[in-house]
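Undergrad: Here's the letter readout for the chains.
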Amino acid sequence: MNINVTLLWQMVFFVIFVWFSKKFVWSFIIDAINERKTTIADGLAAAEKGQRAEEEGLKTAEQHIADAKSQASEIISKAEKHGTELVEESRTKARTEGERIVTAAQEEIQTELNKAREALRAQVGELAVDGARQILRREVDASAHADLLNRLAAKL
Amino acid sequence: MATAGTVTSSEYIRHHLTNLTFGPKADGWGIAHSAEEIAEMGFWAMHLDSMFWSIATGALFIWFFSRMAKKATSGVPSTAQGFVEMIVGFIDDNVQSSFNGKNDIVAPLALTIFCWVFMMNFMDLIPVDLIPWILDKIGIHYQKVVPSTDPNVTFGMSIGVFLLMIYYSIKVKGPGGFASELTMHPFESNNIVLKILFLPINLFLEGVGLIAKPVSHSLRLFGNMYAGEMIFILISLMFGSSIILSISGGALQFVWAVFHILVITLQAFIFMVLTVVYMDMAHSHH
Chain A
1 MNINVTLLWQ
11 MVFFVIFVWF
21 SKKFVWSFII
31 DAINERKTTI
41 ADGLAAAEKG
51 QRAEEEGLKT
61 AEQHIADAKS
71 QASEIISKAE
81 KHGTELVEES
91 RTKARTEGER
101 IVTAAQEEIQ
111 TELNKAREAL
121 RAQVGELAVD
131 GARQILRREV
141 DASAHADLLN
151 RLAAKL
Chain B
1001 MATAGTVTSS
1011 EYIRHHLTNL
1021 TFGPKADGWG
1031 IAHSAEEIAE
1041 MGFWAMHLDS
1051 MFWSIATGAL
1061 FIWFFSRMAK
1071 KATSGVPSTA
1081 QGFVEMIVGF
1091 IDDNVQSSFN
1101 GKNDIVAPLA
1111 LTIFCWVFMM
1121 NFMDLIPVDL
1131 IPWILDKIGI
1141 HYQKVVPSTD
1151 PNVTFGMSIG
1161 VFLLMIYYSI
1171 KVKGPGGFAS
1181 ELTMHPFESN
1191 NIVLKILFLP
1201 INLFLEGVGL
1211 IAKPVSHSLR
1221 LFGNMYAGEM
1231 IFILISLMFG
1241 SSIILSISGG
1251 ALQFVWAVFH
1261 ILVITLQAFI
1271 FMVLTVVYMD
1281 MAHSHH
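Those protein sequence lines, which keep their order, are chains A and B.
Once you know that position 139 of the first sequence is 139 in the numbering used here, the rest is easy, because the numbers rise by one and skip nothing.
Count along the second sequence from 1, add 1000, and you get the number used in the numbering used here.
Keep in mind that the hints were calculated from the coordinates and are not lab data.
One should not assume that every hint holds.
[Said to hold, decoys possible] With a cut-off of at most 27 Å between alpha-carbon atoms, the simulated DSS-like pairs for lysine-lysine come out as follows: (1) B:1025 with A:23; (2) A:81 with A:93; (3) A:69 with A:59; (4) B:1213 with A:22; (5) A:115 with A:69; (6) A:81 with A:69; (7) B:1195 with A:23; (8) B:1173 with B:1102; (9) A:23 with B:1171; (10) B:1102 with B:1195; (11) A:22 with A:37; (12) B:1195 with B:1025; (13) B:1195 with A:22; (14) A:37 with A:23; (15) A:22 with B:1171; (16) A:22 with B:1173; (17) B:1025 with B:1144; (18) A:37 with B:1195; (19) A:37 with B:1102; (20) B:1171 with B:1102; (21) B:1025 with A:22; (22) B:1171 with B:1195; (23) B:1071 with A:22; (24) A:37 with B:1173; (25) A:23 with B:1144; (26) B:1171 with B:1213; (27) A:59 with A:49.
Keep in mind that this is a model prediction, so the values were computed, not measured.
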């Protein structure tokens, strides 16, 4: 257990080793560790962000689906309404058309009837004149009594 | 292994506790062949074995760690890099929790001390007679393989730490601040007369405290390792006698070695932590 010059040499090498360790070891390794630490922290943050984005995307997708569903049902109900409206409209149209046709036919019938009545009236006038002529056996001036005859015909 | 019956127990122990010493002899410089010759050499003697093993272990540490540092990647680390990073991270945690100043040297200092002291202590786990026996075959008769059982080695480190501590104390607090730290505590007074009266007492108390730091720092490590080595030597004395004693000696060696794994790690850790604490004291204002 002698204290001797070994002690001084030991101090010299102590300083050398510490210097070496500071110069060539410590900063490199601690930098690598810290860099990896930040990389991992960043990665974890990014993963969390991605997860949140995914959740949000899912939520918006659900929202879109719900929107589309409600829109579709709206469209369907609109279409149904439109359909009934169309049916109703065509029904009304058909009814009015039918009524119109019936009216027209009735009018035509009326006109025909009038015409026939007119013709009948004229023929009856002639017949009456003929009859009167035959009855009177005398010639009646048709033109002189035309006024009278027409009045008769109008009475028929 | 007591070489045959020609060596007595006390000779065996003394032989194991003698360093391979190089120094000035009567007929020029050379290696000492006996304890008396070593005593004659005085201060200029050098313990070749302590120097060799401490430098070898220190160089191994530096080689391995600097190689890892050069290849260090912040991507996926190799197993060896993971190992190195584990130690560096452990040291970094300790330094950050006990050192509050700002000094780049403290962390590498702590790393160097922890690894170096651990590896020097680790030499204790190599069977106590193995290396001396091999070296004896090639003509080297004295060999102490555990550098930390040499007070020169432990004092070399603790005085190195002590000088750094003084240096940073003066650098951080200024010569006046450092001097007042030594003379104005623990007895304080606002009276100038009392202050001067307390000055020598304070200087004595603080001076003892200051000097005690490197002494206790190194002797703690030295004492533990010396005692541990001593027990290995004492147990190995049993190998010389009967078979039963030899076998139980082997078992005891194993048990003590297992226990010693804890001791060497703990001592390296304590040496490192004390270094950090002393450096923190140097940087902190009262």
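Undergrad: Could you run down the list of hints and mark each one as holding or not?
TA: Results for each hint:
1. B:1025 with A:23: violated (40 Å)
2. A:81 with A:93: Cα-Cα ~18 Å, so holds.
3. A:69 with A:59: holds (15 Å)
4. B:1213 with A:22: Roughly 24 Å separates the two Cα atoms, so the pair holds.
5. A:115 with A:69: violated (68 Å)
6. A:81 with A:69: At roughly 18 Å apart (the allowed maximum being 27 Å), residue 69 of chain A and residue 81 of chain A satisfy the hint.
7. B:1195 with A:23: violated (45 Å)
8. B:1173 with B:1102: holds (13 Å)
9. A:23 with B:1171: holds (22 Å)
10. B:1102 with B:1195: violated (32 Å)
11. A:22 with A:37: Distance ~21 Å between residue 22 of chain A and residue 37 of chain A Cα, so the pair holds.
12. B:1195 with B:1025: Not OK: residue 1195 of chain B and residue 1025 of chain B at ~54 Å, beyond 27 Å, violated.
13. B:1195 with A:22: Between residue 1195 of chain B and residue 22 of chain A the Cα gap is close to 43 Å, so the pair fails against 27 Å, i.e. violated.
14. A:37 with A:23: Between residue 37 of chain A and residue 23 of chain A the Cα gap is close to 22 Å, so the pair holds against 27 Å.
15. A:22 with B:1171: Distance ~20 Å between residue 22 of chain A and residue 1171 of chain B Cα, so the pair holds.
16. A:22 with B:1173: Holds, at roughly 24 Å.
17. B:1025 with B:1144: Roughly 21 Å between the alpha carbons, so the hint for residue 1025 of chain B and residue 1144 of chain B holds.
18. A:37 with B:1195: Not satisfied, since the Cα-Cα distance of roughly 53 Å exceeds 27 Å.
19. A:37 with B:1102: It holds: about 22 Å lies between the C-alpha atoms, which stays within 27 Å.
20. B:1171 with B:1102: holds (12 Å)
21. B:1025 with A:22: violated (40 Å)
22. B:1171 with B:1195: holds (25 Å)
23. B:1071 with A:22: holds (16 Å)
24. A:37 with B:1173: violated (35 Å)
25. A:23 with B:1144: violated (31 Å)
26. B:1171 with B:1213: Holds. Residue 1171 of chain B to residue 1213 of chain B sits at ~19 Å (cutoff 27 Å).
27. A:59 with A:49: holds (15 Å)
Checked against the numbered hints given earlier, this structure breaks hints 1, 5, 7, 10, 12, 13, 18, 21, 24, 25; the rest are met.
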